[in-house]
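Fit chain V to the supplied structure of chain F, relying on the hints for placement.
Residue numbers (UniProt numbering), protein chains in the order written: chain F, 1 to 405; chain V, 1 to 405.
Watch out, some of these pointers could steer you wrong.
To be verified - Label pairs and their in silico Cβ distance ranges:
1) Asp59(F) <-> Glu251(V): 49 to 55 Å
2) Ala268(F) <-> Lys192(V): 24 to 30 Å
3) Lys192(F) <-> Pro286(V): 44 to 50 Å
4) Ile229(V) <-> Leu397(F): 27 to 33 Å
5) Ile377(V) <-> Lys374(F): 34 to 40 Å
6) Asp239(F) <-> Pro286(V): 52 to 58 Å
7) Asp79(V) <-> Arg279(F): 54 to 60 Å
Worth flagging that the hints you see were computed from the coordinates, not collected in a lab.
Note that the Cβ used here is the ideal one computed from N, Cα and C, for glycine as well.
Number of protein chains: 2
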Amino acid sequence: MKTKKIVILGAGYGGLMTATRLQKAIGVNEAEIVLVNKNDYHYETTWLHEASAGTLHHDRVRYDIRSVIDSHKVGFIQDSVVEVKTSEKLVILENGEISYDYLVIALGGESETFGIQGLKEYAFSISNVNSARQIRGHIEYQFATYQTEVEKKDERLTIVVGGAGFTGIEFLGELANRIPELCKEYDVDFQKVRLICVEAAPTALPGFDPELVSYAVSHLEKKGVEFKIGTAIKECTPDGIIVAKGENETEEIKAGTVVWAAGVRGNAVIEKSGIEAMRGRVKVQPDLRAPGHDDIFVIGDSSLVINEEINRPYPPTAQIAMQQGEIVAKNLVSLIRNNPHLETFKPDIKGTVCSLGEDDAIGVVYGKKLVGTKASIMKKVIDNRALLMIGGPSLVLKKGKFKLL
Amino acid sequence: MKTKKIVILGAGYGGLMTATRLQKAIGVNEAEIVLVNKNDYHYETTWLHEASAGTLHHDRVRYDIRSVIDSHKVGFIQDSVVEVKTSEKLVILENGEISYDYLVIALGGESETFGIQGLKEYAFSISNVNSARQIRGHIEYQFATYQTEVEKKDERLTIVVGGAGFTGIEFLGELANRIPELCKEYDVDFQKVRLICVEAAPTALPGFDPELVSYAVSHLEKKGVEFKIGTAIKECTPDGIIVAKGENETEEIKAGTVVWAAGVRGNAVIEKSGIEAMRGRVKVQPDLRAPGHDDIFVIGDSSLVINEEINRPYPPTAQIAMQQGEIVAKNLVSLIRNNPHLETFKPDIKGTVCSLGEDDAIGVVYGKKLVGTKASIMKKVIDNRALLMIGGPSLVLKKGKFKLL
Numbered sequence: 001m002k003t004k005k006i007v008i009l010g011a012g013y014g015g016l017m018t019a020t021r022l023q024k025a026i027g028v029n030e031a032e033i034v035l036v037n038k039n040d041y042h043y044e045t046t047w048l049h050e051a052s053a054g055t056l057h058h059d060r061v062r063y064d065i066r067s068v069i070d071s072h073k074v075g076f077i078q079d080s081v082v083e084v085k086t087s088e089k090l091v092i093l094e095n096g097e098i099s100y101d102y103l104v105i106a107l108g109g110e111s112e113t114f115g116i117q118g119l120k121e122y123a124f125s126i127s128n129v130n131s132a133r134q135i136r137g138h139i140e141y142q143f144a145t146y147q148t149e150v151e152k153k154d155e156r157l158t159i160v161v162g163g164a165g166f167t168g169i170e171f172l173g174e175l176a177n178r179i180p181e182l183c184k185e186y187d188v189d190f191q192k193v194r195l196i197c198v199e200a201a202p203t204a205l206p207g208f209d210p211e212l213v214s215y216a217v218s219h220l221e222k223k224g225v226e227f228k229i230g231t232a233i234k235e236c237t238p239d240g241i242i243v244a245k246g247e248n249e250t251e252e253i254k255a256g257t258v259v260w261a262a263g264v265r266g267n268a269v270i271e272k273s274g275i276e277a278m279r280g281r282v283k284v285q286p287d288l289r290a291p292g293h294d295d296i297f298v299i300g301d302s303s304l305v306i307n308e309e310i311n312r313p314y315p316p317t318a319q320i321a322m323q324q325g326e327i328v329a330k331n332l333v334s335l336i337r338n339n340p341h342l343e344t345f346k347p348d349i350k351g352t353v354c355s356l357g358e359d360d361a362i363g364v365v366y367g368k369k370l371v372g373t374k375a376s377i378m379k380k381v382i383d384n385r386a387l388l389m390i391g392g393p394s395l396v397l398k399k400g401k402f403k404l405l
Numbered sequence: 001m002k003t004k005k006i007v008i009l010g011a012g013y014g015g016l017m018t019a020t021r022l023q024k025a026i027g028v029n030e031a032e033i034v035l036v037n038k039n040d041y042h043y044e045t046t047w048l049h050e051a052s053a054g055t056l057h058h059d060r061v062r063y064d065i066r067s068v069i070d071s072h073k074v075g076f077i078q079d080s081v082v083e084v085k086t087s088e089k090l091v092i093l094e095n096g097e098i099s100y101d102y103l104v105i106a107l108g109g110e111s112e113t114f115g116i117q118g119l120k121e122y123a124f125s126i127s128n129v130n131s132a133r134q135i136r137g138h139i140e141y142q143f144a145t146y147q148t149e150v151e152k153k154d155e156r157l158t159i160v161v162g163g164a165g166f167t168g169i170e171f172l173g174e175l176a177n178r179i180p181e182l183c184k185e186y187d188v189d190f191q192k193v194r195l196i197c198v199e200a201a202p203t204a205l206p207g208f209d210p211e212l213v214s215y216a217v218s219h220l221e222k223k224g225v226e227f228k229i230g231t232a233i234k235e236c237t238p239d240g241i242i243v244a245k246g247e248n249e250t251e252e253i254k255a256g257t258v259v260w261a262a263g264v265r266g267n268a269v270i271e272k273s274g275i276e277a278m279r280g281r282v283k284v285q286p287d288l289r290a291p292g293h294d295d296i297f298v299i300g301d302s303s304l305v306i307n308e309e310i311n312r313p314y315p316p317t318a319q320i321a322m323q324q325g326e327i328v329a330k331n332l333v334s335l336i337r338n339n340p341h342l343e344t345f346k347p348d349i350k351g352t353v354c355s356l357g358e359d360d361a362i363g364v365v366y367g368k369k370l371v372g373t374k375a376s377i378m379k380k381v382i383d384n385r386a387l388l389m390i391g392g393p394s395l396v397l398k399k400g401k402f403k404l405l
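One chain only, chain F, in its complex shape (with noise of 0.2 Å):
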């Protein structure tokens, strides 16, 4: 009997942790395991808004896939997934393509744009390393450019934030601590600065404790930043954005840098295959396979959990894409032993920390409300325990954060 071949295509949260698992698991021989990326590291996604904002080094959010994987075990490649071809069972990569027995689709979100005119062209997204590190740069040359013109332009000094979601808000809150850094290396009047929070949704961080979500606001706002709740953006153009202001008016708010961070679809490969999804996000089964491809597994931010106590899906988070990855690299060794009995997914919701920069934050954590320090404290060790799960303790030495006060 040939050897089975099981892909997995990402090797974020979810990928990794199917692959870190799976060879754990497995003897060399059992089956071949590929990992297939498009960059030769692994970055953490949740860390992302530090290395936008500067207050994190892009290198400090990032690790070389090789130091986590069994070479003898994992094979990898370094490329990027065009399409999955289902009836052949072969995945296009951009330079080759792959055959497989089993696959796991951990490809990662996508930014969400509802259609918003202009938000593709001229905002950002903390979407991965590259554009983290290019929305840091863009905000240093503003401010550094902004000296060197003789008809100052304050827009230049901005920025607005679109939504407050998770993602909105801890970036907020590490970008209201880099500005007066920013400010004092660039010799500009920290009263120019504006730093703006535009959200259609009636509040801050929906779903969240109304009690920590007031604590979060009122907290960055001492620090700076302006909220707009309730408020749209109709559009994204080269000096700003457009939001609507009551039933027919709009108002134009002049801003140097943009950067959206109001939505999560899936991977656009999920479409492209042809695999059935809503918003590019698969409604698994419960044992985390696609409807109709008993072949192929899909977790993450592109595969779609309902919350039945609330009848909603699961938000995609970091948490949720592990507990996915270890579960799929169970039912991969049984499908491989020829063991019927698959395990179903079951969310187990540990507690969940929003960060409101490098000492403070809100949460929940065990059923319990934290704010503060203590909420702070908790944000680093749960960053600590993903490195741990996927890595070891030698990469939460090499990576992790421990200015715990």
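Just chain V now, with coordinates in the frame of chain F:
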């Protein structure tokens, strides 16, 4: 008898040397001295190429003016000079005006674009702390953006330096050292980067010893610089430059960054004030006063002093500006003490060293040719000497260059 009022415009090498020598030479009540400068800091013009390349932080190239002037003897006004009304003995500032009995114009030079189209709009110039910081930021932003684009634009990684004079060559030396660091920082392939120097004259560093010039060019070429000598820039565009090729043809060189480092003219205030000048530079009398204005001294980049040995003007340098400042301070003391004898300025060229980066240089010092490490050490000694002459040993300790080897 009313106390005489001496106004010094500009706190560059010449102006600050005048002020610091003057405050040592005269008593508190002998004259009123006022120093006017746009910024509250002095910057080392001759180090700006390092800040522009990103090899030295811009805070290392500047220091607080108040740290070197004696506030009991010299008043400081932070403002920009608009015009001098010579007949009224009045200086018009952006936010006020100030009368004088004796005036020292030490406002520095401006970039000379020789009427080349587009240079003002699309090229950067290494003029001051603000522009240096912007050049550094711009280049970093090009590297940061490169990796975010699906279709790679290699021209983002092309830097054109217009001019192979002193500033152009020193900037190229720093860039050649900085580029490998930038490639690492932004995951960019070194082979994709181009550093191009375009010079209209038939040689790099015209006026320098040919043997030293050839050392400089070959050492920079080894580090990846491409020289286009005897090539005139015809136009600068948003996409790069257009150069002459043969008799009637032109060639486009696409480049994300164009830095113009090829010419200095006098300050626009000179011409605006109706003082006789050539390209904004005043051919001063032997005692450094402007012809026809016995109450106005002009020093530094806005002054023109002929080297009678070769019947050509001395190139404007920090060395000459500082020596002029010393003479002007002496002559001002004579004038306020009603001593009719004014000293004559005679440049004492101790040496000229052109840096090729942190670790390499060429130069002639006391008539001796130097290359490599020896020249590089001499360069730093010269840099420290400027600090010593203006601010004494404490300034050298604070801002000096000590990484001699």
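Hint-by-hint comparison with the structure:
At about 39 Å, the CB distance of aspartate 59(F) to glutamate 251(V) disagrees with the hint of 49 to 55 Å. A beta carbon spacing of about 27 Å between alanine 268(F) and lysine 192(V) agrees with the range 24 to 30 Å that was offered as a hint. Between lysine 192(F) and proline 286(V) the C-beta distance comes to about 48 Å, which sits within the given range of 44 to 50 Å. The supplied range of 27 to 33 Å is broken by isoleucine 229(V) and leucine 397(F), whose beta-carbon atoms lie about 53 Å from each other.
For the pair isoleucine 377(V) and lysine 374(F), the beta carbons lie near 55 Å from each other, so the given range of 34 to 40 Å is not met. Evaluation of the 52 to 58 Å hint for aspartate 239(F) and proline 286(V) yields a pass: the beta carbon distance comes to about 56 Å. For aspartate 79(V) and arginine 279(F), the Cβ-Cβ distance of about 58 Å falls inside the hinted range of 54 to 60 Å, so the restraint holds.
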